Amino acid sequence: MRDQKSNRSVLITGMGSLNSVSRNVEGFREALYNGRCGIAKSSEGNEQISFGGFIKDLDFRGQTDSLAVSDELKKKAVSLGRRAPDGIKYSILTSLEAWAQAGMEGRECDNTRIGIVLAGSNLSVNEQFRVASEYSDQPEFISPSYAFQFMDTYHIGVISELLSVKGVGFSVGSASASGNSAIIQGYNLVKNGSCDICLVVGTAADLSYIEKHAFANLGALGGKDALIPPESVYRPFDRKHDGFIYGQGAGCIILESSDTAEKTKALAELSGGCIVLDGNHGPECNPDGEARAMRAAIEMAGIECGDIDYINAHGTGSPLGDESEVRAIREVFGSHAANIRINSTKSIIGHCLFSAGVCECISTVIQMTNSFVHPNINLNAPIDEGLNLVKGMSSEHSIRYALSNSFGFSGFNTSIVLKALEG
Amino acid sequence: MDKDQIKSILFSNIADIMDMDESEIDVQESLRDLGANSVDRMEIIVETMRKIGVKINMLEFANIKNIQEMVDFLYERSEK
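If you read the sequences in order, they're chains A and B.
Counting in my numbering, the first sequence runs from 1 upward without gaps.
Counting in my numbering, the second sequence runs from 1001 upward without gaps.
Honestly, I wouldn't trust all of these hints.
No more than 20 Å apart at the CA atoms, straight line, and that leaves these computed lysine to aspartate or glutamate pairs for EDC-like [said to hold, decoys possible]:
1) A/Lys74 - B/Asp1016
2) B/Lys1007 - B/Asp1072
3) A/Lys74 - B/Asp1019
4) A/Lys75 - B/Glu1069
5) A/Lys76 - B/Asp1016
6) B/Lys1003 - B/Asp1019
7) A/Lys76 - A/Asp65
8) B/Lys1051 - B/Asp1002
9) B/Lys1055 - A/Asp137
10) A/Lys75 - B/Asp1026
11) A/Lys265 - A/Glu422
12) A/Lys76 - B/Asp1040
13) A/Lys56 - A/Glu30
Just so you know, the hints here were simulated from the structure itself, not pulled from any lab data.
In this text the structure is predicted, and so the values were computed from the model without any measurement.
Next comes chain B alone, as it looks inside the complex (with noise of 0.2 Å):
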């Protein structure tokens, strides 16, 4: 799966859940700048992997600063 794929089911899910449109979505911004609780930020997460199809554990994501590097870092370990 290549990077804008995942970009792509990132944005969708985030959409979804947060119920915005995409077009909202800014890269630089964090989930919590969005809007998103911690519940809406596990959905997010567990949804982009359950479609990606790689299993990384939760405390992995807790550096991870806004929505690009979130792109990069699931780009980086369905890769693996």
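Next up, chain A with everything else stripped away, as it sits in the complex (with noise of 0.2 Å):
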């Protein structure tokens, strides 16, 4: 381990995206800007729980070539991915990207000092569904693979296997907020000094129809009316929110110290995040804790409340969210609250879950990097008026620091800060 007391900053050094917009960053950035939803409805039939942001249609040995790596990496990725479930498929493929963007491939550097960090837990319940509901009254022909696959770690084994990764991993847990917990657990490790490179892998939730149906009975999914069109369907901040729409979002951020990264190379400075509960067992948000979330991840990266310019919501959609979030931010910015642009990158994508917080951090570093902010998609009656929700299209904005909210179920709050870099 290295010294602890060091004053290393952690950087953003590589991204890799695949969500129901797009199949890249590149990608990402393009439907980001030109406000492309990704919300359709899914061939579950025409009812509240077909609505969702979908990965469709993806040739996992087409996009693994179309990536800027080795023949030699590609070739192991297919090997590792062409017969595993669809999420193991995502995560190698956009922890691929990053580590091409990262420009690790072919680096000298001690692969003993690389962790991995997965957001999120009850990744597969969908492939446990299908399991459970084809092999019950025959047990004897589930797959033997199926013993490691159906634990949420099989992705780090996969990712660690296909990068040759020999330090520190785990997987994190805590809901809808899974991923900017795993994102602040790989601030720690890469600040205390575990490890010099940390790759934060979110994978796409595989819901299964029964999940999706206790999400409905228990209201707080959005599409109440089937028959509004799904790219409409889907109204964070805006009075005619309903409800969360599922997303299928994957992605994989690579964090490096400052010690050993070549700054001019990196995306951002990833600056501070907390993880705070609010004393909750429910799916109750609470605006204190959101608040305090916030506050203590602005403490932590030493700026003051006024520095911050663009926060990328929580927005999950939800009435009572909706209006938590902004009870919170209000609490927390003061006056300053009117200055600070804020949108939900879930009105694009929908509501990536144990993912979220991973797809919406490499969603703020795109609108850092390129100087916009994207709108929220069907916002048309705010539900406060008073804030700069971003309304109809993009806008030309310079970030200097960005704040990413997420909150779960079962009283986890959680906001990190992003840093833009000079130059």
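The two chains are supplied separately, each in an independent frame; assemble them into the complex guided by the hints.
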């Protein structure tokens, strides 16, 4: 372990992305900039649970082939992923894209100083449901590999074998805040010297229709009027919001210590982040917990509230959730709140649940490095006219410090601070 | 199911799981000779039993020396 007292900062040096609107980071940039919505209807029928931002028709071999990595690495990726569940394929593709962007291949570095943190838990419930449905009366025929594939940590094994990563690794679960929690744990590992480089991986939540129905029965799911066109159904921060729409999104970000990274190649700095509980077992949100998470992240970053000029909101489109977040933002930022541009990337790709924080961190870095803010899709009548919720089209905006929020069922509140790099 | 059908199912599963061409499979070789590790071998056997519709204890495969013997064994047991 390196000196824990170093003033090293934590840089983002690579990103990989895959979701309903795009197959890579450049495609994601284009979709965000143009406000292109990925919400569609699945083949499950004309009902509430059929709305979603789905990753459709992915050609795994073709997509692997399009990445800027060596033929040897592509071959290894196909070998590890070709028979694996879709979620593993997504983790492979996003990790490789990020690995390529960070210039990791062929670089001389100690692989025992590279770590992996996986975001989320219960990542393959749809696969579990399929296996249970198919084999409950003939368990002799269950695939032997299922014994290690049903565990979330299989993702870590696959990625570590693919990239020969031999440092620290684990998964982090905190419901819909898992993405941010994983980023924060990755930050801590790099900051305290447990590793020099850390991949933070979020894969697409693979819900079965059982979980989708449970969310609907809870009242948390949007699209209660199933006849609304899919592209108009998801309305975070709009008065007609009626719940979240599920999205499938995967992402990987590579964090690296400023002690070892080439600063000129970094995309942004991760300046801090905080997880706080609000003492609640249920799905209710808590403005006080949300405000405490934001304040703590800002304090950790060593800046003032007035320095934040953009917030990537949790913004799930749940009426209580949106109102709670708006209240928390007003409480933390006071009169400065009106100056901050705010959007919800969920309005474009859906609520990616366990990976939401990773996908939204990538969205934040894309907007920061390309100096724009994307619109909140379907925002016509904002629930708070006094806040600068981005409406209509993308607009130019120079972001110096950004906050990205993720909150989760059972009292999880998280916030991270990203800083633009000079020049 | 006749022996050729069983052989065809086994070959197809070996090719799929080992990512190889069926023409590369020699019945005189063992799954291990083809590069299958213990998980690959169990995947091939379980998937083949599922498609044939026969349930055999995995321990009974322990003494099978090559792919031809496996075809014969699966055929014999599927007849019962």
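To see whether the hints hold, each was checked on the structure:
1. A/Lys74 - B/Asp1016: Holds, at about 18 Å.
2. B/Lys1007 - B/Asp1072: holds, 9 Å
3. A/Lys74 - B/Asp1019: Since the Cα atoms of A/Lys74 and B/Asp1019 sit roughly 15 Å apart, the hinted pair holds (cutoff 20 Å).
4. A/Lys75 - B/Glu1069: violated, 32 Å
5. A/Lys76 - B/Asp1016: holds, 16 Å
6. B/Lys1003 - B/Asp1019: violated, 24 Å
7. A/Lys76 - A/Asp65: holds, 12 Å
8. B/Lys1051 - B/Asp1002: holds, 13 Å
9. B/Lys1055 - A/Asp137: holds, 13 Å
10. A/Lys75 - B/Asp1026: With Cα atoms ~25 Å apart, A/Lys75 and B/Asp1026 exceed 20 Å; violated.
11. A/Lys265 - A/Glu422: holds, 12 Å
12. A/Lys76 - B/Asp1040: OK: A/Lys76 and B/Asp1040 at ~16 Å, within 20 Å.
13. A/Lys56 - A/Glu30: Judged against 20 Å, a Cα distance of about 18 Å means the pair holds.
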